[in-house]
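All chains should be modelled from the sequences, with the hints used to inform the complete structure.
Listed here are the chains, written in short residue letters.
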Amino acid sequence: MSVEKSSSLGRDAWLRLRANRMAMISLFILIGITTVSFIGPLISPYAYDQQNLDRVFEGPGKDHIFGTDNLGRDLFARTTYGGRISLAVGLLATLVSLVIGVSYGMFSGYTGGRVDAWMMRAVDVLYALPFTIFVILLMVMFGRNFLLLFLAIGAVEWLTMARITRAQTMNLKRSEFVEAARALGYSHGRILFRHILPNLIGPIIIYATLTVPAVMLLEAVLSFLGLGVQAPMSSWGSLIKEGAEKMDAAPWLLFFPGMFFCLSLFALNFLGDGLRDALDPKSSKD
Amino acid sequence: MKKFVFSRVLQAVPTLWVIATLTFFMTRYAPGGPFDTEKAIPQEIKVKLESHFGLDRPLFDQYLLYLKNLLRGDLGPSFKYPGWEVSELIATAFPVSLTLGVLSLSIALLIGIPAGIIAALRKNTWLDYLPMSLSMAGICLPTFVLGPLLIYIFSTQLGLFPPLGWYGPADWVLPSFTLGLFYAAYVARLTRAGMLETLQQDYVRTARAKGANPWQVVTRHALRGGLLPVVTYLGPAFAGLISGSFIIESIFFIPGLGKFFVTAAFNRDYTMVLGTVLFYAALIILLNLLVDLLQAWLDPKARQAQ
Amino acid sequence: MPSIQNPPKIKTMGNLDIQNLKVSFHTREGIVHAVDGVDLSIKPGEIIGLVGESGSGKSVTCNSILQLLPTPPARIEAGKIEWSGKDLLRQHDEKIRGIRGKEISMIFQDPMSCLNPYLSVLDQVAEPLVIHGMASPKDARKQACEMLARVGVQRVVDHPHAYPHEFSGGMRQRAMIAMALVTQPSLLLADEPTTALDVTVQAKVLNILKELCTDLGVSVLFVSHDLGLVAELADRVVVMYRGKVVEQNDTRSIFSNPQHSYVKALIACRPTLESNPVRLPTVDDFMNPKTGKGQALKKLESPSLNLDSQETLLEVQDLVVEFPTEDGPVRAVDGASLIIRKGSTHGLVGESGSGKTTLGRSILQLTKANSGKILYQGNTISLENIQDRTRFRKSMQIIFQDPYASLNPRLTVEQALLEPMKVHGLGKSRKDRIDRVVKLLEEVGLGEEYLHRYPHEFSGGQRQRICVARALTTEPEFIVCDECVSAMDVSVQAQVLNLLRSLQTSRNLTYLFISHDLGVVKFMSDEISVMQNGKIVENGLAEDLYRNPKSSYTHKLIDSIPLANRSSDFRL
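Chains as they are written, first to last, in my numbering: chain A, 342 to 627; chain B, 13 to 318; chain C, 38 to 609.
Think of the hints as simulated: they come from the structure by calculation, not from any bench. Treat each hint with caution, since some may be false.
[To be verified] Listed next, the in silico DMTMM-like pairs over lysine to aspartate or glutamate satisfying Cα-Cα at most 25 Å (straight line):
| no. | chain 1 | residue 1 | chain 2 | residue 2 |
| --- | --- | --- | --- | --- |
| 1 | C | Lys139 | C | Asp235 |
| 2 | B | Lys135 | A | Asp614 |
| 3 | C | Lys572 | C | Asp554 |
| 4 | C | Lys405 | A | Glu517 |
| 5 | C | Lys459 | A | Glu517 |
| 6 | C | Lys405 | C | Glu359 |
| 7 | B | Lys135 | C | Asp195 |
| 8 | C | Lys468 | C | Glu480 |
| 9 | C | Lys123 | C | Asp54 |
| 10 | C | Lys241 | C | Glu284 |
| 11 | C | Lys572 | C | Asp272 |
| 12 | A | Lys514 | C | Asp54 |
| 13 | B | Lys313 | C | Asp195 |
| 14 | B | Lys313 | C | Glu480 |
| 15 | B | Lys14 | C | Glu203 |
| 16 | B | Lys135 | A | Asp618 |
| 17 | C | Lys405 | A | Asp457 |
| 18 | A | Lys514 | C | Glu359 |
| 19 | B | Lys14 | C | Asp364 |
| 20 | A | Lys514 | C | Glu131 |
| 21 | B | Lys313 | C | Asp160 |
Pasting the structure below:
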């Protein structure tokens with residue numbers, strides 16, 4: 342077997358991803374949107390909450406490239422600011438669900454036996470709970486707290502992450518290189534963090550990339566119901582709500598935030614799919 | 013089999029109890045009560061109302077009383093709709109949501125499954141790319157964008173369907189399609205993935221080796237395995253449909269259970285909130301059970317596992 | 038059964054002629070020429086054995102006949118396959134479908150995955166008749182039932198709705214045979230049909246296959262990696278190597294007078310039950326005689342170890358290992374005892390489910406035993422405190438069966454070999470440790486340039502050597518070899534076995550060698566224990582066990598081994 346350059350699995354995966362056009366396009370779109378969301382409010386001459394009652398409901402034009410809303414606020418500023426919020430919520434909530442879910446799943450899967458059985462039973466019970474309903478309840482009851490928002494959303498998603506991690510951990514635990522590690526006398530900690538976790542990263546990344554859009558969708562739903570971020574703050578979800586209400590009079594209010602939102606979801610999903618193909622372990626076996 | 017159903021029903025009881033307790037205490041600890049909002053009510057009347065509904069008793073007593081009533085099947089009266097029992101309200105509103113749900117699911121399956129199968133069979137041709145791109149778009153278009161869009165096109169511009177209300181079959185079209193198309197997208201992708209994987213299986217090769225034509229290979233051999241992921245998805249799909257109905261009912265002004273729930277939550281109508289949550293939870297548990305039974309029927313190996 | 042009223046039918050149209058077949062695979066990594074100009078013909082009633090190792094192209098050749106190759110990566114570049122005057126490679130799909138299952142049938146390797154789990158076995162066996170319009174569904178089921186009874190799957194008669202997962206591997210393969218022959222085709226293609234089966238089951242299935250095909254006058258193309266197995270069955274043998282046919286001849290001549298050096302190597306490098314070499318010849322010895330070691334062609338009798346003079350290194354007493362299942366606990370190991378002497382190799386042979394792997398793992402404390410004792414150097418093994426545990430893990434190691442799964446895909450060879458040293462505090466400095474690693478690699482026959490590579494860049498044989506090196510990093514005294522050559526081609530197997538043997542001498546190692554292959558076990562071992570259903574049914578010195586088997590099970594095991602694999606001087 343002759344190989345000129347040694348290639349790690351990571352590098353192989355990156356090459357495969359690069360070859361996937363849709364995934365690369367999605368990656369660039371995401372980088373683009375994130376950048377615009379970040380610098381948008383900085384470069385815009387208007388603040389996102391700056392009202393100007395002389396210029397309400399103006400279409401896209403010279404001064405306001407995206408137009409204005411019912412209070413004369415610049416839509417570009419609000420959209421990009423909303424981007425920060427939506428993306429931040431998406432990322433943070435995913436991070437929360439990742440940390441909780443992966444730790445829970447890894448621990449449960451590796452320990453096995455009774456502990457695992459009880460931990461998974463708890464997950465099953467929680468799965469039966471209409472979580473979305475609970476989140477709605479939470480938001481209604483306890484007010485519009487930004488921290489609470491992404492904690493609550495993150496708490497919805499961790500269950501699936503835990504299940505996936507547990508299944509993978511159990512698979513890996515049974516695999517022969519982990520048994521070899523045990524036979525070589527490695528401690529549990531070493532096995533978990535040097536042998537199991539690195540091999541979990543693939544599925545975790547894939548799932549995380551697909552969780553972000555799900556979370557963003559959930560945030561948008563909450564905002565739509567009036568439970569998400571509160572005026573004058575804006576997220577794409579709340580902007581879309583406002584836009585949907587005023588669709589006849591000012592379609593640009595729906596169009597711009599809607600486009601940003603949908604494009605992000607689109608790109609994230611395609612990227613997730615691409616990652617799944619790239620990280621597929623079967624293709625690296627000979 | 014009966015043992016399986018029985019054990020699931022048994023498991024449901026503690027689950028529902030947990031839910032009831034959580035919801036109860038969550039609603040009580042939240043700021044505000046049912047009679048605090050809106051119009052200013054003179055203090056004596058407020059006190060009288062609260063006493064009438066037992067809200068002045070210690071919290072734990074109220075909890076026990078609620079559980080006791082629950083076991084008798086009594087969900088209590090609504091605080092906001094005088095004269096109505098919660099169970100009556102649910103009974104009027106639920107059929108509406110149910111119709112919406114069933115219609116949406118049917119649309120999702122009728123569009124999604126064939127699309128997925130065709131895409132899998134004609135992989136990497138336009139018969140694959142087109143449905144899959146549409147489905148990707150479908151996933152990324154939230155219902156509250158799609159809904160108003162469809163209203164704008166089919167109602168405002170083309171005048172084909174009424175935009176709001178729930179009076180007759182014509183009203184059903186736009187809402188069910190809005191919700192249904194979203195799920196059709198997921199179903200299509202799952203079906204395609206499931207079919208692709210099944211078509212790679214050794215036993216499909218055996219079928220070909222026996223001389224089966226493509227139609228026989230798909231229907232007799234590949235379909236069952238290929239649709240299994242869709243069946244598994246039905247569980248979360250039901251849950252999604254139920255929560256998705258909130259939005260649809262808001263957009264299209266449909267008097268369904270979702271709308272009642274959100275309104276009740278805003279109004280701190282404790283009994284209504286509790287009743288609806290418990291009802292939904294029981295519904296989800298029942299639906300999950302049905303999905304598991306369906307899976308067992310399709311997969312002989314799963315039958316043994318139970 | 039053939040008789041006067043029912044004479045064996047010789048099909049007149051059963052002539053298959055493959056001419057200059059070329060098939061390539063277009064993958065991301067490049068083009069692989071799997072089949073590179075193959076000529077093969079099968080006459081009516083003939084049984085042809087197509088033999089080769091992995092990568093030889095034998096399966097691809099077989100699958101090309103009925104056009105069952107996955108055609109995006111695979112492409113038929115050239116050639117002709119003539120059948121009944123038509124070129125199969127140039128027929129419309131419809132025509133090919135008419136031939137599949139009717140004139141030419143095929144059975145595959147893995148009976149578990151090759152039967153549709155969602156349909157009953159009876160329906161699947163009846164299906165070819167229905168597809169080709171040869172019988173009504175009801176009639177087809179009746180014929181299928183008869184055929185299934187004929188191959189020995191009685192259960193279907195009483196339980197017509199039984200599903201594949203309710204049958205054992207051997208039964209499923211018989212059902213597949215029934216399914217392939219129910220339409221009475223002229224040619225049967227069999228792609229490694231018994232490779233996944235236990236040796237005793239394999240023997241029975243082969244018998245049925247041979248009997249039925251002879252009765253029905255069906256010619257057979259039997260693909261296998263096992264030359265000895267094929268000799269039992271075939272009239273003629275075709276040997277493939279790297280996409281080409283290197284030799285074809287009738288079975289007798291292939292064995293008594295092999296022409297091509299690869300064929301000579303294949304015959305010679307199998308560990309047979311009769312011979313007793315120090316070292317197995319390898320393909321290299323025959324193909325590159327200048328670089329290969331000269332003494333390969335001499336078969337020396339190995340000096341037998343005087344076991345009584347050696348001390349006991351490991352002793353197992355009445356070991357019981359139970360696993361909980363749905364129907365109650367199952368005893369994988371049911372009161373097993375054995376004694377392993379220092380410096381020797383103790384073989385453990387058994388079929389699947391015998392408990393041999395569980396026993397090996399229990400000794401290494403990877404699986405917890407329920408009762409019984411394991412004594413190492415006279416002391417009970419304890420994992421109580423860190424010192425005991427570390428000392429124990431240092432002296433006892435294991436090499437697993439699947440070299441693909443035994444290495445962490447994310448670690449380089451260097452990292453994988455350094456880690457055990459770090460954990461056990463071996464080596465004075467990092468540089469010292471790396472030196473040791475390099476020496477180890479050389480000891481197993483790999484060069485320093487492999488240090489920074491990842492497992493997926495190596496072949497199976499190379500990976501197994503890395504696993505051996507890894508096991509040696511802690512300088513152990515005792516190594517359990519758990520089916521560690523079972524997943525390999527015969528030629529690679531010979532190299533790894535030779536390596537293990539020479540390491541034993543140079544490092545004074547003691548082995549517990551576990552395998553289902555009696556020939557391999559006998560080559561490696563001084564003493565052998567035979568396991569069945571969790572119990573050790575016989576124990577004895579390797580040569581004695583073969584000459585005078587005492588238990589009926591050992592008898593059965595030996596009898597199930599194809600004649601050509603028992604003796605290397607095999608003459609029909």
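Hints versus structure:
1. Restraint check for Lys139/C and Asp235/C: the C-alpha separation of about 30 Å exceeds 25 Å, so the hint is violated.
2. Straight-line distance between C-alpha atoms of Lys135/B and Asp614/A comes to about 16 Å, which keeps the hinted pair within the 25 Å bound.
3. Annotation: proposed proximity of Lys572/C to Asp554/C holds, straight-line Cα distance about 18 Å (limit 25 Å).
4. For the suggested pair Lys405/C and Glu517/A, the alpha carbons sit about 17 Å apart, so the restraint of at most 25 Å is met.
5. A threshold of 25 Å between alpha carbons decides the hint, and for Lys459/C with Glu517/A the separation of about 21 Å falls inside it, so the pair holds.
6. Taken as a hint, the Lys405/C and Glu359/C pair is honoured in the structure, with Cα atoms around 9 Å apart against an allowance of 25 Å.
7. Between Lys135/B and Asp195/C, the direct Cα distance comes to roughly 43 Å. Violation of the 25 Å bound is thereby established for this hinted pair.
8. A distance of roughly 18 Å separates the Cα atoms of Lys468/C and Glu480/C; the hinted pair therefore holds under the 25 Å criterion.
9. At most 25 Å may separate the alpha-carbon atoms for a hinted pair to count; Lys123/C and Asp54/C meet this at roughly 10 Å.
10. Between Lys241/C and Glu284/C the alpha-carbon distance is near 29 Å, which puts this suggested pair outside the 25 Å criterion.
11. With a CA separation close to 40 Å, the supplied pair Lys572/C and Asp272/C exceeds the 25 Å bound.
12. At roughly 50 Å between alpha-carbon atoms, Lys514/A and Asp54/C are farther apart than 25 Å, so this suggested pair is violated.
13. Of the supplied pair hints, the one linking Lys313/B and Asp195/C holds, its CA atoms being roughly 20 Å apart against a limit of 25 Å.
14. Taking the CA atoms of Lys313/B and Glu480/C, the gap is about 49 Å. The hint is violated against a cut of 25 Å.
15. Between Lys14/B and Glu203/C the CA atoms are separated by roughly 22 Å; this keeps the pair inside 25 Å, and the hint holds.
16. This hinted pair checks out: Lys135/B and Asp618/A have alpha carbons roughly 16 Å apart, not beyond 25 Å.
17. Note on Lys405/C and Asp457/A: the hinted pairing holds, with a Cα-Cα distance of about 18 Å set against a maximum of 25 Å.
18. Our distance criterion of 25 Å between C-alpha atoms is met by Lys514/A and Glu359/C, whose separation comes to about 20 Å.
19. Between Lys14/B and Asp364/C the alpha-carbon distance is near 19 Å, which keeps this suggested pair within the 25 Å criterion.
20. The suggested pairing of Lys514/A with Glu131/C is violated, with an alpha-carbon distance near 48 Å, which exceeds 25 Å.
21. The suggested pairing of Lys313/B with Asp160/C holds, with an alpha-carbon distance near 17 Å, which does not exceed 25 Å.
Going through the hint list in order, the structure does not satisfy hints 1, 7, 10, 11, 12, 14 and 20.
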